[in-house]
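**Student:** Residue strings, one per chain:
4 protein chains.
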Amino acid sequence: MTIDTAVFDLSDAHTTAMHELYRHLHAHPELSMQETHTAAFILEKLTHLGLETFMCGGTGVVGILRNGDGPVVGYRADTDGLPMQEDTGLDYASTSTGTLADGTAVPVMHGCGHDTHITVGLTAAQLLTEHREAWAGTVVFIFQPGEEIGKGAEAMVEDGLWDKAPKPSIIYGQHVWPGLAGTVNISKGTAMAMADSWRVTVHGRQAHGSQPEQSIDPIVLGAHMVVRIQTIVSREVHPMKSAVVTIGTFHGGLKENIIPASAEFTLNVRTFDPEVRDRVLASLRRIISAEAAASGAPEPTIEEITSFPQCYNDPASTTDLMAVLGEVLGEDAVIEAPPVMGSEDFGLLAEAIGVPSVYWFFGGHAQDTLDAGTPPGNHSPFFAPVIEPTLTTGVRAAMTAVLSTVGTTA
Amino acid sequence: MTIDTAVFDLSDAHTTAMHELYRHLHAHPELSMQETHTAAFILEKLTHLGLETFMCGGTGVVGILRNGDGPVVGYRADTDGLPMQEDTGLDYASTSTGTLADGTAVPVMHGCGHDTHITVGLTAAQLLTEHREAWAGTVVFIFQPGEEIGKGAEAMVEDGLWDKAPKPSIIYGQHVWPGLAGTVNISKGTAMAMADSWRVTVHGRQAHGSQPEQSIDPIVLGAHMVVRIQTIVSREVHPMKSAVVTIGTFHGGLKENIIPASAEFTLNVRTFDPEVRDRVLASLRRIISAEAAASGAPEPTIEEITSFPQCYNDPASTTDLMAVLGEVLGEDAVIEAPPVMGSEDFGLLAEAIGVPSVYWFFGGHAQDTLDAGTPPGNHSPFFAPVIEPTLTTGVRAAMTAVLSTVGTTA
Amino acid sequence: MTIDTAVFDLSDAHTTAMHELYRHLHAHPELSMQETHTAAFILEKLTHLGLETFMCGGTGVVGILRNGDGPVVGYRADTDGLPMQEDTGLDYASTSTGTLADGTAVPVMHGCGHDTHITVGLTAAQLLTEHREAWAGTVVFIFQPGEEIGKGAEAMVEDGLWDKAPKPSIIYGQHVWPGLAGTVNISKGTAMAMADSWRVTVHGRQAHGSQPEQSIDPIVLGAHMVVRIQTIVSREVHPMKSAVVTIGTFHGGLKENIIPASAEFTLNVRTFDPEVRDRVLASLRRIISAEAAASGAPEPTIEEITSFPQCYNDPASTTDLMAVLGEVLGEDAVIEAPPVMGSEDFGLLAEAIGVPSVYWFFGGHAQDTLDAGTPPGNHSPFFAPVIEPTLTTGVRAAMTAVLSTVGTTA
Amino acid sequence: MTIDTAVFDLSDAHTTAMHELYRHLHAHPELSMQETHTAAFILEKLTHLGLETFMCGGTGVVGILRNGDGPVVGYRADTDGLPMQEDTGLDYASTSTGTLADGTAVPVMHGCGHDTHITVGLTAAQLLTEHREAWAGTVVFIFQPGEEIGKGAEAMVEDGLWDKAPKPSIIYGQHVWPGLAGTVNISKGTAMAMADSWRVTVHGRQAHGSQPEQSIDPIVLGAHMVVRIQTIVSREVHPMKSAVVTIGTFHGGLKENIIPASAEFTLNVRTFDPEVRDRVLASLRRIISAEAAASGAPEPTIEEITSFPQCYNDPASTTDLMAVLGEVLGEDAVIEAPPVMGSEDFGLLAEAIGVPSVYWFFGGHAQDTLDAGTPPGNHSPFFAPVIEPTLTTGVRAAMTAVLSTVGTTA
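Residue numbers (UniProt numbering), protein chains in the order written: chain E, 1 to 410; chain A, 1 to 410; chain B, 1 to 410; chain Z, 1 to 410.
None of the hints are false.
One copy or two, it doesn't matter: identical chains are merged, so the pair holds either way.
Restricting the straight-line Cα-Cα distance to at most 30 Å, the calculated cross-link-like pairs of lysine-lysine (BS3-like) are:
id : residue 1 : residue 2
1  : K167      : K188
2  : K255      : K241
3  : K241      : K188
4  : K255      : K151
5  : K188      : K151
6  : K164      : K151
7  : K167      : K151
Keep in mind that the hints were calculated from the coordinates and are not lab data.
Please model the complete structure; the sequences and the hints are all you need to start from.
**Tutor:** What follows is the structure, encoded as structure tokens:
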């Protein structure tokens, strides 16, 4: 298929408005699942463009752009910022603050670039309304909250997203990253890791440090769990498959001569293959429980902190999309890449209705930034994508994906 | 030897003054190495009794009672309170506060009964001045600060205690404990455990949780240290000797998906035998260092928190003392007991000049308190020794010990 | 009580016969539970002396010496040799061989000195028959097989020892050891450790070395068991009590690139206190089972190899015996000693009927052997007790013990 | 490039001779580095064909076929059998025996199919001599011994292979495997895993089981090594790269109550990436050494058992070869496959002179054998490749590879 690229050419006015939109969003980030103003802003823009809109999953916004008979396609942008202090020195840097669950006031930054995602999504919606002649069908724009904590996609699905919006035959999404602006990276098949985080509370029995026989020592027990858990990756995962189990925190005890009553650790599991994930999680539960039994301790408490689903690019759809992206952006600008260990809840939106999805990364750095070495990555206080050609590339990629499904009628 | 017990009979006036003294001290505890008012109070009393006095080791007070030619004997009482809220409901309960090293204001309590020790020491000094005819020689009273943190004895010795005071041929000391008031418990040989506490900082290398190969994981490393340290007691200590190694705290990491740069644990070692202690401490250093090497990590940092020396009762002197204590307090009131796992820095005072010492415990509870089960122990917010016969027994035991060395001339 | 030592004075003829007896026994050792010729020899001697005799527990021999009304006392000697090559160079060294359970032919040696025990027992029986006027009551001589493998006492009890023989009010026994000949060492209370040995088979699942995910790795699992078992002594046993858990063997695997189906280890537990023993054994079962569960492996197989019971000297009886032994052998020759970590099944004989028992060690080395350093110990191929005063002291001690219970009528 | 396949068409006489050759070789396997008769047989054949020949690396045979100016190409076949009892029931099954290093007599079988490799190599040599008009250059046939124990390639290189034979610009090799006869499987880049096997002797200090403090327990130490080694794969290898560390054997100790003086384990490492291999081996050395230090034990002894090098297919050469193989064998018969965890010393031959190499697998089973499930694999006592089209396909693949480098002149 060949896309008529005239359809998404941006006028100077378009570009000026898009940059202004971006700077506004960048300056006003909000925390996950608290994107109230952001959502109101998006809702107003979509309504103004004439889309059917509804709120969904709290601070999620859906815009439906109907344009006659034809395929239904989904496009998702995530909207939340991060609890971190921006340090970019930009004149449109964030001065927002937010409030964590525990009441702490924190600075907020669009440190993961979701502001570019919103900007691209809204601009694509505008172009599609302006060029209804070029395509036919329906586009469902999903502005999803709470991606950073893995809650937003689930919240929207549970709030009836696919009862209220028409079901697409495919869903697209993309993420800005520290690659070369103007290019996109895309994987066939698995695109990002599944990620599961747990909090484990190890229950022991307190005693004075000189009376170990009166205790069930939760630090010794927890240490044995940490050690034993290493065997999952070393002995239970196929050597040619990937899994990481990181125990990022371990905390127990107040004083060197008191054996405490409990200890707590948190862990994070990254896998690409659902079967590997299932085995790793099952083995974690088995080991944690059995090690407690080995100490004669009560069953530990396991709480799920987050669970990011698989992000899987339908291979055939990806091959097709790469071909048209190559035509639009240039062959060299479309790079097939291996999966990344990062995680996303994007995949859940398509998984919920059993349709394929494709997700890719668009670059956000100038060549000289990259040449200087160690460009600031996502979640860095210095993360500041160069505005162009980042945004225009994002818009062209989004339009290409959408139109590869619903157009061109020309 | 038979002691003329008339020498330390307390008149009603003595008793009334002693009780008043005790209540005053109980109401005004001070933190370790900050016993300024307590020291001034003691200094004033000793000076008033006519002893030579000097301050030593900061808030330590020494009183020298010279009484002609004869043996020199030492008697030590410790003077510090604890950072805890008293909950005894006594009308003379503490209302004092103190300030910790980090600036925190805390309530202070004589929760370990050192107020009884001061009271007994001052009363014995008074009796000895009043009965110079009954003995000959010199008594060195050592009112030692900072026992709770294992700093006071060392501070006094380093400040020239034994350069300034005559060197005794033996040093005595005693501690109130939750046994029956009127009795004393005493061990031949080892009386209390040596205790050594360390803080160990494990240095690793930080990385994202999905990039373990970029990290040196300090939690996995620390866990292996905890596990490996268990082999010291299980494989390196003679089965018929005692050693405890407790790792009371382990802290590392802020977030489940970040491998932290470091982790920290604290440990406490209890031993009775200096050879066992030396081996355990050497093995700890060896294991901590080698486990870091096994991870390719930098050498961990080991800081000593406290080190309580051996508290060893010279067997021959103890046998002699037990005989005369039996005569004075009654055979049944003098109980030979096994060593306890608790610790003291008393032993250092005698060790510094290579003379023997004897340390014992005098009961502080009434029979009915004991019968009621689980009487409040030292360091309990409810610890409140019954005033009598606790104090009188303490005085009689102190006098017996001192006079068994320097008198009676009668 | 004072014993008339004339009762057990040995004539030259006695001594000559005793030495010949000893040399004969030394030259003809037999393996545990195969002491056929030794038993026949003992039976013949006892029968000849006029004792009632019966075989018991296979190769055990019991001789009952009745001498009118009076107390019943038991005296036990064990009879088995060891599968080892004697290297003493004695002209009466063993040239015997035996056959192990697996059919292997092995040299046999009285490497633990049980030949002295038989000799002493038979000689005491003879003296008691010759001096019936000096005592009244009944002496039960128990010549027990299979001590080395912890099977003989149990076999005799299960074969009805105490149904067939009169029940003694106390049982005595003694063992030669590398102390000074002429002295005895004795403990009040616990005399020797309990010892329990197990064989643990760890069941995994075989796979090629490149396919760990297909396996349950029994070597990794077994290693975790070995490591985890260390926490029993380090964290579950009171610091002032004794326990040893040694894993003496670990065997698994045939080739470096095949993960084997199973591994096997054997362990040996030494404790003095039955409560400690119970906890250690229970913790071993708990850990072995839980670690298998942590690997998702089948329940391991635990087989008991041997179980040596407590050897406990009734304190009052021991105090009494020490007093009379002191009179007989000299005060300096009777040494109160701490318990030893070695083990014995002697205790079971008395435990079976709930009566007290006393067990002691009699020296087997000359002073110059001891002075030379590292005298050969029991189970050494060089173990050769000096014949005198070893045997005579053994006889005098045995007679003292027996007569302290049944005599002297004089 | 297009190959004139007429060049390697086999006449009936060729085929009959080839099958006879194969059956003879299959019936007469020899052990690794003991392939005396096999080598003599090959040498005779090559000499008869007119090749220059020499023995190399013991039982290796090299045949040089010079045919004017042109490229030099290498082709390698390995020649050794395995110490196993054949169970195929074939009328030409092996009845050979061999003698292991320790003197044990064992049955020998061509259980890995090296007989097909020799047959294919000799037949290709014959065809190339018969069709000198079709190509120009030099072919070096390398009949390598001792592949199964990873010794033969090294032996030949060290014996001056590349001093004596002209250096090829590329070397080819192939292996029969349980895929469909008539097809070949080939990987671009890494083709097979590197494999390193070590024997580790852990030195401790012997002591009686009740005296752990006298020992350095090599079983506890070895167990800690096994446990700690798990962290290499779990924490030191990039999650998207492959490594396996299997500890296939662990042996130590003779009796449950003796702590032994040493223990021994063997391990096998599989990796694909030389950097990963280097890190894993370095970490193994680091951990083994450091854990010994943690026990205060002497440095363990590490002996290399075998070391199989990387088997890396030059990507460009592989792409080229796949194209011509596709033309010769049919597109569907040439399958690009991921690398396998098995190992080979083939790569060393090319690595020694820095030239590219390509290695592939040719199928040995009929479709119905595959359909029946679990066809016998290499090293199975039932491994019996179907003679055709296995051998003819092997010859055509070998000829295609050689001619793709040196021909066709036509």
